[in-house]
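Protein chains in written order, with my numbering: chain A, 2 to 266; chain B, 2 to 262.
Please keep in mind that the hints were generated in silico from the structure rather than gathered at the bench. Mixed in with the good hints, there may be bad ones.
As the list claims (entries may be wrong) - Some chain A residues near chain B, calculated using beta-carbon distances under 10 Å:
| hint | residue |
| --- | --- |
| 1 | 25 |
| 2 | 27 |
| 3 | 29 |
| 4 | 39 |
| 5 | 42 |
| 6 | 45 |
| 7 | 55 |
| 8 | 56 |
| 9 | 58 |
| 10 | 129 |
| 11 | 171 |
| 12 | 174 |
| 13 | 181 |
| 14 | 184 |
| 15 | 199 |
To be verified - What follows is a set of in silico ranges between Cβ atoms, one per label pair, in the way DEER data are often shown:
| hint | chain 1 | residue 1 | chain 2 | residue 2 | range |
| --- | --- | --- | --- | --- | --- |
| 16 | A | 26 | B | 39 | 19 to 29 Å |
| 17 | A | 49 | B | 13 | 47 to 57 Å |
| 18 | A | 226 | B | 196 | 54 to 64 Å |
| 19 | A | 226 | B | 138 | 38 to 48 Å |
| 20 | B | 42 | A | 241 | 25 to 35 Å |
| 21 | A | 15 | B | 136 | 53 to 63 Å |
| 22 | B | 56 | A | 183 | 24 to 34 Å |
Glycine included, every Cβ here is placed at the ideal spot set by N, Cα and C.
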Amino acid sequence: MFLIFQRLWQVNWAEQWQYRANLIMYLLYWLVSPIIYLAVWTSIASSKGDVNGFTVNDFVTYYMVLLIADQITSNIVIFTMGYKIQDGTLSGELIRPIHPMLTNALVNNIAFKALTITGLIPVWIVLFFLFKPDFSTVTLTGILLSIPVMICAFFINYLISASITSIAFWTTRVYSINEFYWALILLFSGQFVPLSLMPKVIQEIAQYLPFQLLMYFPIQVILGNLSRPQIIQGYVMAGIWLLLALALFNWVWRNGVRRFSAVGA
Amino acid sequence: MHTLKLLSAFFKVNVQMALAYRADTVVNILLNLMWLGWELLSLNIIFSNTTSLGGWGIGELIALLGVFRLVNTMMIALIWPNTEKFNQSIRDGSMDYTILQPANSMFLVTFSRMTIWRIWDLVLAIVLIVVGINISGDTTTSLNILTFILLTVSGAIIIYSLWIVLISLTFWFTKFDNNVTILQALLDAGRYPATVYPVWLRIIVTFVIPIAVATTVPLQALRGDLDAVRILMFIAIGIASFLVASRVWKAGLKRYSGASS
Numbered sequence: 002m003f004l005i006f007q008r009l010w011q012v013n014w015a016e017q018w019q020y021r022a023n024l025i026m027y028l029l030y031w032l033v034s035p036i037i038y039l040a041v042w043t044s045i046a047s048s049k050g051d052v053n054g055f056t057v058n059d060f061v062t063y064y065m066v067l068l069i070a071d072q073i074t075s076n077i078v079i080f081t082m083g084y085k086i087q088d089g090t091l092s093g094e095l096i097r098p099i100h101p102m103l104t105n106a107l108v109n110n111i112a113f114k115a116l117t118i119t120g121l122i123p124v125w126i127v128l129f130f131l132f133k134p135d136f137s138t139v140t141l142t143g144i145l146l147s148i149p150v151m152i153c154a155f156f157i158n159y160l161i162s163a164s165i166t167s168i169a170f171w172t173t174r175v176y177s178i179n180e181f182y183w184a185l186i187l188l189f190s191g192q193f194v195p196l197s198l199m200p201k202v203i204q205e206i207a208q209y210l211p212f213q214l215l216m217y218f219p220i221q222v223i224l225g226n227l228s229r230p231q232i233i234q235g236y237v238m239a240g241i242w243l244l245l246a247l248a249l250f251n252w253v254w255r256n257g258v259r260r261f262s263a264v265g266a
Numbered sequence: 002m003h004t005l006k007l008l009s010a011f012f013k014v015n016v017q018m019a020l021a022y023r024a025d026t027v028v029n030i031l032l033n034l035m036w037l038g039w040e041l042l043s044l045n046i047i048f049s050n051t052t053s054l055g056g057w058g059i060g061e062l063i064a065l066l067g068v069f070r071l072v073n074t075m076m077i078a079l080i081w082p083n084t085e086k087f088n089q090s091i092r093d094g095s096m097d098y099t100i101l102q103p104a105n106s107m108f109l110v111t112f113s114r115m116t117i118w119r120i121w122d123l124v125l126a127i128v129l130i131v132v133g134i135n136i137s138g139d140t141t142t143s144l145n146i147l148t149f150i151l152l153t154v155s156g157a158i159i160i161y162s163l164w165i166v167l168i169s170l171t172f173w174f175t176k177f178d179n180n181v182t183i184l185q186a187l188l189d190a191g192r193y194p195a196t197v198y199p200v201w202l203r204i205i206v207t208f209v210i211p212i213a214v215a216t217t218v219p220l221q222a223l224r225g226d227l228d229a230v231r232i233l234m235f236i237a238i239g240i241a242s243f244l245v246a247s248r249v250w251k252a253g254l255k256r257y258s259g260a261s262s
């Protein structure tokens with residue numbers, strides 16, 4: 002099994018490496034909105050002194066860490082697998098003795114991530130000197146505590162995205178469904194603004210949803226803003242959602258593949 | 002007259018193409034409404050924490066959202082589909098047929114594809130602008146509104162001209178099919194007044210990829226922030242950039258040699 006993953010890694014890394022020129026465009030695309038949110042909120046905070054206790058530096062550190070957390074927990078599975086289900090090229094992968102979504106596509110996503118994070122490092126350093134954040138609240142324990150959560154959140158997000166991608170077995174409109182999923186992330190993950198500045202209702206709901214695990218929760222763990230019970234609660238939520246996402250994906254995939262072969266594609 | 006006839010022909014063809022995917026249109030409009038809801042909610046969240054953003058009130062930001070959506074609609078309804086067709090036609094040589102037609106090639110390349118249902122988006126954008134102006138209310142004179150309209154048009158022309166230059170580059174570097182991504186990537190910066198951005202970002206969105214000239218500047222005119230000299234300057238830049246773009250397009254066209262040679 003290890004050998005299989007090693008080979009898959011070599012193939013997928015080589016494949017992603019071909020597209021390194023596109024990487025710059027992708028990074029640019031994806032960097033612009035966090036930087037805009039950062040600019041908007043720091044401008045408000047500096048005109049008033051603080052926004053509900055959030056100072057300029059709080060916003061800068063929040064979005065600087067968000068850039069990393071978002072990059073670790075996001076994925077592009079809908080773009081790499083969606084069309085394969087629609088045009089039938091998935092057949093070739095289905096006859097292999099390994100799971101297409103949980104091996105090849107997964108490794109492909111991780112290879113993509115490895116490349117984008119490498120590209121992010123110099124950009125992040127430049128932004129660090131432009132915004133000069135003060136990271137004095139960050140502790141090693143915080144960073145170490147956030148890593149398992151981010152890995153867990155990556156898998157939760159990946160499994161849900163893979164389930165949405167698998168809806169392509171039934172309908173061609175998966176991309177619209179995925180857009181709706183993105184809106185949920187925007188609303189409940191803390192991507193637009195730290196969740197504690199969102200309306201109360203949204204905060205209440207967000208607590209029980211997996212989206213805050215993608216950004217808000219790990220960021221706050223790294224910045225050392227959460228108490229011990231809050232951290233434990235987050236870990237429990239991560240565990241529960243990982244199991245739920247796994248069950249969801251298994252169910253969707255199994256029914257989808259059955260349909261796929263029934264059509265005879 | 003000739004141009005209008007062509008335009009209506011393109012329109013008809015694109016309506017027919019869109020009618021084949023009616024359910025998609027409904028889904029797209031629903032998604033569009035969802036994003037509008039999100040945009041208004043995010044403005045509401047911002048203004049529940051502050052009374053002004055860079056000196057601008059909520060009404061002005063709603064109007065800015067409208068202007069942003071106008072530019073965004075131009076991107077999505079015209080620029081993207083036509084870029085896709087254009088890049089394809091350079092790769093497989095079908096650009097030959099476009100050049101052979103007895104009409105201005107730049108015109109044909111701009112209007113042959115349209116995402117029709119986006120007309121709905123134009124209506125929404127205008128509603129947002131009108132509502133926004135009414136909320137901010139106080140001092141808008143009819144002269145301000147006139148300059149606002151003029152600068153919105155000239156801003157859109159500047160973005161359009163930049164697009165023409167970007168796709169013309171394909172004539173020199175055939176493998177340049179990322180040409181429009183950079184425009185789209187920075188477009189989001191048009192949602193908020195450029196005055197809140199750090200200096201380096203403001204320079205990029207004003208001078209390099211002039212998104213702010215098409216969004217923030219018309220709103221400034223509406224607020225009466227711009228003097229006559231600057232208004233005339235922005236209109237002049239609009240005209241100049243269109244002239245430069247059509248020059249570049251013609252020069253590029255001369256380099257085009259078909260796909261087989």
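Hint check results:
no. : hint                        : verdict
1   : 25                          : holds (9 Å)
2   : 27                          : holds (9 Å)
3   : 29                          : holds (5 Å)
4   : 39                          : holds (9 Å)
5   : 42                          : holds (8 Å)
6   : 45                          : holds (5 Å)
7   : 55                          : holds (9 Å)
8   : 56                          : violated (13 Å)
9   : 58                          : violated (15 Å)
10  : 129                         : violated (14 Å)
11  : 171                         : violated (14 Å)
12  : 174                         : holds (6 Å)
13  : 181                         : holds (7 Å)
14  : 184                         : holds (6 Å)
15  : 199                         : holds (6 Å)
16  : A:26 <-> B:39: 19 to 29 Å   : holds (25 Å)
17  : A:49 <-> B:13: 47 to 57 Å   : holds (54 Å)
18  : A:226 <-> B:196: 54 to 64 Å : violated (30 Å)
19  : A:226 <-> B:138: 38 to 48 Å : holds (41 Å)
20  : B:42 <-> A:241: 25 to 35 Å  : holds (28 Å)
21  : A:15 <-> B:136: 53 to 63 Å  : holds (55 Å)
22  : B:56 <-> A:183: 24 to 34 Å  : holds (32 Å)
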